[in-house]
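K.L.:
Protein chains in written order, with the numbering used here: chain G, 8 to 260; chain R, 17 to 296.
Simulated from the structure, these hints should not be mistaken for laboratory data. Owing to the predicted nature of the structure, the values given are computational and were not obtained by experimental measurement. The beta carbon of each residue, even a glycine, is placed where N, CA and C say it ideally should be. It is possible that part of the hints are untrue.
[Stated by the list, open to error] Which chain R residues face chain G? A few, computed with CB under 7 Å, are given here:
1) G61
2) S83
3) T121
4) H127
5) P133
6) Y165
7) L166
8) S167
9) F168
10) A172
11) G233
Listed here are the chains, written in short residue letters.
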Amino acid sequence: MKGLQRIQRGFQDYVLGDGAVAFELGAAIRQQGALTAHDRLAIYHNAYRVRMREALNEAYQRTWTYAGDELFGELAGTYLAAHPSSFCNLRWFGDRFADFVRQQLPDHPFVAELAVFEWALGLAFDASDAPVAGPAAFSALAPAAWADLVLSLHPSVQLLRMEFNSVAIWQALGQEQAPPAPVALPAPCVWLVWRKDNQPHFRSLDAFEADALAALAAGSSFGRVCELSAGPDVAQRMGRCLQDWMSQELLRG
Amino acid sequence: MTTPLYPFAGFGLGLRTAHYVDIAAAPVPGVDWFEILSENYMDAGGKPLAMLDMVRRDYPVVMHGVSMSVGTIEGPSDTYLRALKALADRIDPLWISDHLCWTGTMGRNLHDLLPLPYTDEALAVVVRNVRRVQNYLERPILLENVSSYLSFNDDAFQEWDFVREVAEQSDSLILLDVNNVYVSSVNHGFDPQTYLHALPARRVQQIHLAGHSVQQGIIIDTHDHPVADPVWRLYESALRRFGPVSTMIERDDAIPPLADLAAELQRARGMSDALFAVPA
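Just chain R, with the same shape it has in the complex:
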């Protein structure tokens, strides 16, 4: 295990409008930083941006995007990257992340994190796009593994090998979504431990935890439930393998009070402390 490029930042939550009032009122116990959805603040002003500036005065912030679409031949547009960089210049985030996926092609955005075929061609396309983005943003970015509900006959890599190769070849970092590893392990029938063991520890910069929904014959990554027990167990395995990793809980639907999420986050901190805290 080597030290990741960005320092360990502790434990965070997603910044959601439902919690603005509570966050503005008093420091949130047990929350070291907030993760924002970058696109919500790009080319925007008014109250959302004012709230972000206020949060940023009191907390470090991580920028997490959903529309970079590094998995298409055309890659992200210059307009998109310009707006992303302008936001980064404004709020000086700890780091910037997006997803290892595609979201649309030929100018369209399907607003979903769509699965890539794990081929040599897709690998080359992603690596080229990520290098371009990193050059433009003047920093390494983190890419998150997504949940998927299908795979392609053309696949030449297992997902974990593809994730590793993208990170190594583009010299980027990994945002490991432990829930997504679990969801895909059930949907595709693989051992999630195999996934964790394939990843280079020094590139795992951040972990996402989230809840999912079990539907007929498949698990969907819905972010509308508390983190499930098998995901907590996998998180502990990830910590044992990767060491202390900055961790946040994502909740996008059925959003509970901030205090409930902070309590859930405390469980992550407790697991990490039990493994790594230096006795006083």
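So here's chain G without its partners, still in its complex pose:
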């Protein structure tokens, strides 16, 4: 390994590590002025932690409020040691944080669910743009062509399976009210998160619509989605869903 690589790997290992300075790195830093080489290195070590924690605080503001400074700070510290960033934008650093919280707090799964919801709203906010399919996109379609039609969802669309009243907790925190006690729902509920008019939106789905959107997301043709749908009046219900998806900008053009 050449000198540059050796210095950079040593420097990076130090910044990502627990603060111990390897002899070779310490020896590579010039002694100057009142500060020691270790003092100078520590500026980078500390700034890294401050910066990465700020990114998590910003992305997970309500999870942070809910968990409290101490617990959230602990989770953030462990996360940044376990998942160094490979992203070009610091905004993505928290990508795996919600999963991480789920593993770290197995007895409090509603905290992870809140984090999942918060991250999904952030994703919806600046997900890639795509043309939206409105009614005009399908008006010329022959009735026979519907069965094979594959509808794709807008990049901002996400389906979240929630087992707790995490959305109510999220809403209360946003209004600076005491959040309701976490309770498991009688049955899991799917929430739709998406972007409309450049703002994140969310709503809960009934099982019919949730299954249909999940099938679309998995790449099923419209005909197949209808086949998979159970219950009375499938055609009418699907027609109403389709109209709603178009008006709500859920479908990619």
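Following the hints, complete the assembly by docking chain R onto the known chain G.
P.N.:
Here is chain R on its own, set in the frame of chain G:
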């Protein structure tokens, strides 16, 4: 002094979300252009990109990145360059800049502007990477000098000589951060005038001004204060040496109202006008 490659563009500010509403409402007096953080708009859509398109309709825009990491053997990834170029194709910036530093290696990003050892090896690596980037982007890029809090025993160049050699050997341009020159001059104990005098005037395309924080025994480049008086004095020296240079004020934390930043920018314009404005 020869004419820089890109024309003088006047005085700009960083585009920050806190100011979107004001910028959309009315023209901002005294602001000729905005500088964006490139990565915030790469592979993204929604409101940020819509706001950028709106700003771009009314103002020229400069693209300033923080993750190109020209100072590592591996250099920027093709994926990164592709996204950067796609954004440039979309908004047609005045120019594209990043930093003379490294930000991480082996696929990691520490999201910091890390100091390079000023060695022949590092110079060769940076020059090779910058040439590749410029070929890909089909234009010369600007590289900014960073603040640093340490230096390496291996250094074979002074920082200003390294900055000059990178620019000359890769045929790139310089984004001179006057605050960073000042910060490093205090942290490393050199005369900032020596720095300015070492740089080739024709390659100094843009100037950054920013505030810093004085902490125990060291100055940190925090971008959370107004531009400090010694930095203004150094800016005037830079103008005398380099002629009119497109200038912007960076503010990333404790962001004041847009009007306050525009007023601060007016001071830069006033200093430049006092030196170079042609009497009517």
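K.L.:
All hints, please: hold or fail.
P.N.:
Here is how each hint holds up against the structure:
A distance limit of 7 Å between C-beta atoms decides the matter here; for R:G61 the minimum to chain G is near 3 Å, and the interface restraint holds. Hint status for R:S83 relative to chain G: holds, with the closest Cβ pair at about 4 Å, below 7 Å. A cut of 7 Å between beta carbons decides the hint on R:T121: the least distance to chain G is about 5 Å, and the hint holds. The restraint placing R:H127 at the interface with chain G holds, with a minimum CB-CB distance near 5 Å, inside the 7 Å limit.
A distance limit of 7 Å between C-beta atoms decides the matter here; for R:P133 the minimum to chain G is near 6 Å, and the interface restraint holds. About 5 Å separates the beta-carbon of R:Y165 from the nearest beta-carbon of chain G, less than 7 Å, and the hint is met. Given the 7 Å rule on beta carbons, the hint for R:L166 holds: about 4 Å separates it from the nearest Cβ of chain G. Taking 7 Å as the C-beta contact cut-off toward chain G, the hint placing R:S167 at the interface holds, the least distance being around 5 Å.
At a threshold of 7 Å, the smallest CB-CB gap from R:F168 to chain G is about 6 Å, leaving the interface hint in force. Interface hint status for R:A172: violated, as the beta-carbon distance to the closest one in chain G is roughly 11 Å, over 7 Å. Below 7 Å, beta-carbon pairs count as interface contacts, and R:G233 has one with chain G at about 5 Å; its hint therefore holds.
Checked against the numbered hints above, the structure breaks only hint 10 and satisfies the rest.
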